[in-house]
Amino acid sequence: MELFDILTPLFFILIVVGTVIGIIFGAIPGMTATMAVAVCLPLTYSLGLENGLALLLGLYVGGISGGLVPAILINIPGTPSSLTTTFDGYPMTLRGEGENALKIGIVSSLVGGLISLAILYFFAPTLADFAIKFSYVEKFLIIFFALTVMAALSSNMLVGIFSGILGIFISLIGTYDISDGGNGEYRLLFDFMVPYLDSGFSLLPVLIGIFGLSAILIEAEHGMPAGQGLSGVKLPKGKPFKFSVFRGQSVNLCRSSLIGTFVGILPGVGGSAASILSYSQEKHFSKNPEEFGKGAPSGVIASESANNGLTGGALVPLLSLGIPGDSTTAILIGAFTLQGIQVGPLFIGNNPVTWDVIIIAMLAANIVMFLIMMFAIRHLVKVVSVPKHVLFPVILMMCVVGAYTINYGIMFDVWTLLIFGVFGYLAHKIRLEIAPFIIGFILGPSAEIYFVKSLESFGTLSIFFTKSWIAGVLWLLIIMSIAFSIALSRRNKGHGQA
Amino acid sequence: MSFSSLLDVSIDFDTSHLVFPTLIAAVLVILLVAIAATNWRVIVSAVGATPTWPAGIDHMRFFGTLIATVIYFIAMPAVGNLYPNTGLGFYICSIVYLFGLGALYLHKRDRRHLTIVTLNALIAPSLVWFILSEIFNLSLP
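Just so you know, the protein sequences line up as chains A and B, in that order. With our numbering, the residue at position 449 of the first sequence is 923, and numbering never jumps. With our numbering, the residue at position 47 of the second sequence is 533, and numbering never jumps.
Bound-form chain A, shown alone (with noise of 0.2 Å):
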């Protein structure tokens, strides 16, 4: 199909609907932009692949975006990656200059987007290209890097690394499978699970389980607090939106994205370290470092950049190696699965009309995203103020919808949506990292194929070490992630001793 054959209204009209939809479920604290695409992906089993995109795309954007709205006049960020909004964003409402910090956020959001989108555009490809040339050797050391990274940067390292591979652990239960080499055999199951977990456990109600009900289960154990809501907050004019804020600010708007765009290429990190990291580089390198905290527009444009700055690069391994930027594009792989296409080195080359499409439709939801926060901000705050008792009961029906028509109606899925919720639930409780275990959950099978068919072909462990220079400089990387987070977890510790 041409190009133009599939930019119908439809497909535009996607994009609006979910960027708005994606900005209420950023704006509203608890939720989330993956919870958005989590619980919205079943919708695109009929929509097709590309006007699919388009809505999830616009639900992505519209996330992370609209988690500025109550981190700038609450002073709760909507999203994690909105955290340091808020140190600056809530003490200018506090003076009246809400709805200034609100268009002086979506600016920077919008510049983030688009300079992550340039990156994702000519780095991806040519990502894609160099790395066509993986031995399935190169490709489990490169699975290995990512649950390194992701571990280096949790909170307590070994903690990370033991989600990670518990994800791999819960992948293989099942038929190692036929189709990808192995003999059909099944293992980690019961005789009388093998009726429902013979393909294993599926990816999406799994991810809408630990997403979408699980948050609702965290909620229900806080007794549902009504919160501070967005309905009181009065947004007085002010001091009006000048485009000479940003006069001085485009090292700050240019450093911050790229810092949000970095961070998004590194598998399994979050939006808030990319938001952290760029505000303290902000903070740093100002002349008025004592500004920062006490409503310095610098701090917003420096958060809000860089955070969505992440959703072009998340996007960059997950369309040119096959791996997961982040928990949002974790799901985004079940709408490629829902299609029957895989994404890895080969997608871009095999599929090049649905990259122009994803291309286009981020392009399309940055610029949605803008015009709609820009113009209807005030509207908005007002459709964010929906009770829990009304929006939470709503999302976990779709949520067993989702489930349910994932697979054509097996309600295993939807059993697997209620397990997996409470297991995200006590996952929270007990602090394991998501993040690892979702990515390690769905590379898993692939890394079995890699380990295993590289030793049967080669028939020893040395191969890992000395197949090419890729892999030598893949175990650099390896010993590097791992040498970080140590020095980090010492300095850390230095700290909290000092």
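It should be emphasised that the hints constitute simulated quantities derived from the structure, not laboratory data. Incorrect hints may have been included.
[Claimed, not checked] Quick list of simulated restraints, FRET-style, between CB atoms:
id	chain 1	residue 1	chain 2	residue 2	range
1	A	P669	B	T572	19 to 27 Å
2	A	V947	B	N525	28 to 36 Å
3	A	V947	B	L493	14 to 22 Å
4	A	D654	B	K594	49 to 57 Å
5	A	D654	B	G542	41 to 49 Å
6	A	I692	B	A561	21 to 29 Å
7	A	G946	B	D498	26 to 34 Å
Small disclaimer: the values here were computed from a predicted structure and weren't measured. Beta carbons: idealized from backbone N, C-alpha and C, even for Gly.
Chain A is already provided as a structure; the job is to place chain B on it using the hints.
Okay, now just chain B, sitting in the frame of chain A:
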């Protein structure tokens, strides 16, 4: 025996399905021991400092959500079997489920709030059922 021969591995295809799970299980156990060994002080103090679960949580809303969800999942296919291939199992049970949860999550159960919950329980499943089952022809319980 040379060092390189120590790294030699022979995999029998018939048992190849157990190689990776066994390795991963071993790594998990090692990591669990390492976490317990390096963080035991933190674990012990955390266990001692916080009230034992489920103390300190909203029992009614937390367990109410779980129990209502389990009943919902059991009831959907049962009701659906009475009206096969219509999606009515989902539709009818969702109305009851949404009303139950909405009422459970309310902090003030006055007539105005209960009316909103009732309307939500009637409208949302009707819309979803109509769009997915009637327009998109998706399978519902």
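Hints versus structure:
1. P669/A - T572/B: 19 to 27 Å: Distance hint for P669/A, T572/B holds at roughly 26 Å.
2. V947/A - N525/B: 28 to 36 Å: holds, 33 Å
3. V947/A - L493/B: 14 to 22 Å: holds, 21 Å
4. D654/A - K594/B: 49 to 57 Å: Since the Cβ atoms of D654/A and K594/B sit about 55 Å apart, the hinted range of 49 to 57 Å holds.
5. D654/A - G542/B: 41 to 49 Å: holds, 46 Å
6. I692/A - A561/B: 21 to 29 Å: holds, 25 Å
7. G946/A - D498/B: 26 to 34 Å: holds, 30 Å
In this structure, every one of the numbered hints holds.
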